[in-house]
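Visitor: Protein chains in written order, with the working numbering: chain A, 141 to 612; chain B, 1350 to 1864; chain C, 35 to 159.
Source of the hints: derived by calculation from the structure; they are not laboratory data.
A few of these clues could be false.
Derived DSSO-like pairs: lysine-lysine, alpha-carbon spacing no greater than 30 Å straight-line [what the hints assert, rightly or not]:
id, chain 1, residue 1, chain 2, residue 2
1, B, 1664, B, 1532
2, A, 467, B, 1537
3, B, 1813, B, 1749
4, A, 430, C, 97
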Amino acid sequence: MNYISITQNQRKLMLQRVDAASTDELYEVVPESVRLDSVPKVTGGMSEIDLSRQLAELANINVAAHEYTSFAGAGCYDHYSPAFIDHLLRRPEFFTAYTPYQPEVSQGTLQAIYEYQTGICELTGMDVANASMYDGATALVEAAFMALRLTRGKRKVMLVSEALHPEKLETMMTYASSELIDPVFVPVNDELITDSQAFLSLLEEYAGEVAAVLLPYPNFFGIIEDVSPLIIAAKEAGAYVVLDTNPIMLGLLKRPAELGADIVVGEGQPLGSAMSFGGPGLGYFACTQKCVRQLPGRLVGRTTDVDGNRGYVLTMSTREQHIRREKATSNICSNHALNALIAGMYLAAVGSKGLKDIATDCVTKAHYLRNELLTTGLFVSPKSDNVQSFGYEFPLVYTGSLPITLWHDELFERGYLAGVILAEGSLSNEDEGHLDDTADNSAETSLVLFATTEKRTRAEIDEFVQVVKDLG
Amino acid sequence: MDKAAITPEVHSDASYNCSYRGPKETIYELSEVGRSCLEAPASELPNLDLKAIPLLSDYLATDEEGPTLPQVTETDIMRHYTHLASMNFGVDGGMYPLGSCTMKYNPRLNEDAARLPGFASLHPYQPEYSVQGILQIMHELQEDLAEIAGFDATSLQPSAGAHGEYAALMAFRSAHLVRTEGKTARNKVIIPDTAHGTNPASVAMAGYQTVTVPSSSEGLVDLDALRELLDEDVAAFMLTNPNTLGLFEPQIVEINEACHAVGAFTYCDGANLNAILGVARPGDMGFDALHINLHKTFSTPHGGGGPGAGPICVKEELAPFLPGPVVTKFTHGDTGLDLYTLAMPENSIGRVRSFYGNVSVMVRAWTYIRSLGGDGLKDVAHQAVLSANYLRVVLQDHFKVAFDTTCMHEFVLTGAPFKDAHGVRTLDVAKRLLDYGFHPPTIYFPLLVDEAMMIEPTETEPLKDLDAFADAMIAIAREIKETPELLQGAPYTTPVRRLDEAAAVRNPELRWRKD
Amino acid sequence: MASPTDRKYSTDHEWVLVDGDVATIGITKYAADQLGSIVFVELPEEGESFGSEDAYGEVESVKSVSELLLPVGGEVVAINQALEDAPETVNDDPYGEGWLVRVRLDNKGDLDELIDGAAYDASLA
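Chain A with its partners taken away, still in its complex shape (with noise of 0.2 Å):
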């Protein structure tokens, strides 16, 4: 099957106009040595019928979420998606069109995306937001980047927390390779939270180089740090202060921006899209205004025609490559517009107070979920008092008679996707940097980092538990 409508005979009127006697001959330019003399070896031309069908037996071998109860997060969130939204996206005028560069007839897309940005600083309490990043972890990195030319390339150092998310920390160390950042890590404590005491003394022994810190709010591990202290002292050595944050929780938690932020960022996913594997969701990027002219990426604004009616544009289109070329304040040119459309849609949907009640209603859950699961004697804090402050994910040592991975897969069969595991073994190792990474084989206790979304019910909660209890 291919979506070519011009036929044989179509084909022959135009190579006349052409002046060729076959389409072949449109490539005489192709050096022969270069030129295929066969098609390439790849399967297809299958007919829609029999590949619906095969599409439909890949899809059946994957176990998607619907068929287990998920207590999964670490990035990558089952929250519940209107069915509108789906409805909406399906609109050719959306998703076939391209960037806005005609505003002209693209202001559909124009003005969804300047709502969008006005949700995310509504969010975040910044001034100014971008029409979205790949994905939280490319924003996080873009954010250093951006604090790089706010100090005119006079301070490379990043202080970046442990406590983000590890695949940020991977993509910022890929992004650190070519040397123009130079980011410093700062450990987390026992208390699964960033080291505040390293923190400070980071920041002095880099005095007058440092420039931004970038800092989790909630941490990778779902846990609300206190993060003033640390803003305040960031200020104090002339840092820029980066959060990475996530977007349900800001439903609930104070603004960034109350805290002292000056750039803001986060995986946008939690807003409607879907979990598809891990990817697209969207990184949404916010800034304060006096920031603006090293924003990455494109931004929308609101203007008017000759008329005198109201429109949106891209502008302020002189930071980017297409324009500054090498000097432009990223390479990004796609974005993540769709999901961007999809988040703009999501905060309509649930207002004000949908977002701080399905944020409390995921907390709620996880609070419940964490001391049910205490009450099993099966795990144990990570930290010998009872730290509280999280949000809708909690990590958990699991204390129990099964080697980890046998313990996760055989509730999986029992249909749970029992959290994410973090580490295997013997945690004694605080210095251990990464937390994903394996440590040594002693198998004494494992950390599983837990996540409820609203989608989980009482009754899923108690049942899980229940099995978990009987497992052992």
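With the hints as your guide, set chains B and C onto chain A.
Guide: Structure of chains B and C alone, referenced to chain A:
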């Protein structure tokens, strides 16, 4: 200006786009206290007193401190976004001949495939044995892209073309360091003056200096000029082939050899791969790496700006440096079954983002390849090239073609003569095309051509629409001479008219605020 | 229209008006017209020093960025702060209110490299 004068004579019925007349209030202005759409589920658990939790309580917002979001019902939302949609121009509504963007039809089977719960509702950290179907698709796509483009290995992780460029440059950096036992990654990357802006921007992010090589008078790489720039400081040469003028580089083999002779890698920007599918392979031409825009060549939708996907394919030497994880296949010892697993390439540059890339975009591209097969892909290229040449020939008596020779999938017109003779700019031609119901071509790119209009019809455009587009262009060419002021005021029939972009920058209004 | 004759010009389309050892610098009407609507002007800080031909700032239109190259070397003693809020002044009055910076000349010899208004106009023809 009277109404009759501004309504085009040859108004095309080809477009169903932009039926709604703006402007439209924002969804924030539709808000009325007390309305809602999506609410939290009924509470089943005792209230948790968040204010009693140490630390967390310090960070809770009061009601006044929280965000102000719209209070609207589902009906309000549906009306609002339906209105917004009908102010947009999409491929389904009419011809969208944006050069270098490959605005082909987006098959609906692909859309349904991506939405199958077995693909869309997978958590990235669920056990590998529960995601073998999606891993198989990803693995097959890795192999198919490498076969189609002539390379040895693929990473699907990059999210867009620019992201792929960056990843490949970082792989070059690692490979140079390995070659020189850590001594140097080299410091320069050469790009032609016709390059996409992402090329130099990616070079800068990868920590290299850009050096620009001018094009020859034929619009091609000037091999002698290139040779003069090549030395042992050059890490790589980046080239789009066919280039952004729609021309195939006939000396491509020599270009690659010249770069390799000084130890530089060569990179193919695959934005224009549609022209040569099943005809010639960048790998066979000597390129060391390329990115593929799945949202161009492999029919996945552009989404109003994204998400796309920019997988990169590389030769064997570079395979260990690919970003990851990538999918590898092995045979299970006991059962003999093929199994798939995610693994980091041995010397990987690391991740370039979280998780594995834009998986739902990959599903769409895989479905497209399974639909077309090798023969179908070749047909795509042949038809895309024929359609572009057809339009070029039909238009050449009315517009000046920048480089008048057989083109690949796109060609570039220059409006410079009209600017000089009639004061009509390419921008005016583009805006007037909107009145005729067509999306304009890419304008003012490549930078090399004054007043450029870059036209890429793609293979999926029916002949009658190609003809209607040509008729509209020819009518506009007549209007340029007869009524230039008409063009300078265009468009007249769109949801909004020409917008004041200078005011948007001088007085930025980047979010809605209550007055 | 002829360029003012009270000042000197560089072939990079900048003008220099000397008063004692201080030179006021701006871009020519031709340059401003070519750029179109100017939306942003980035200027150096007072006290910074530049050599002749050094880049000292940028002017932006909606879809272009142009580097400003200093026609004469010296220390910046004043910048036109009004342009921050009204960059369009460069279009409206390039030879007057639309000036960019004032520089204390390092070397008056730099002025010998510049051309007069008539020669500048001839270079545009």
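Visitor: With reference to the structure, classify each hint as holding or not holding.
Guide: Hints, one by one, checked against the model:
1. 1664(B) x 1532(B): The hint holds at about 23 Å.
2. 467(A) x 1537(B): Given that 30 Å is the threshold and the Cα spacing comes to 15 Å, the pair holds.
3. 1813(B) x 1749(B): This hinted pair holds, its Cα atoms lying about 23 Å apart.
4. 430(A) x 97(C): holds (21 Å)
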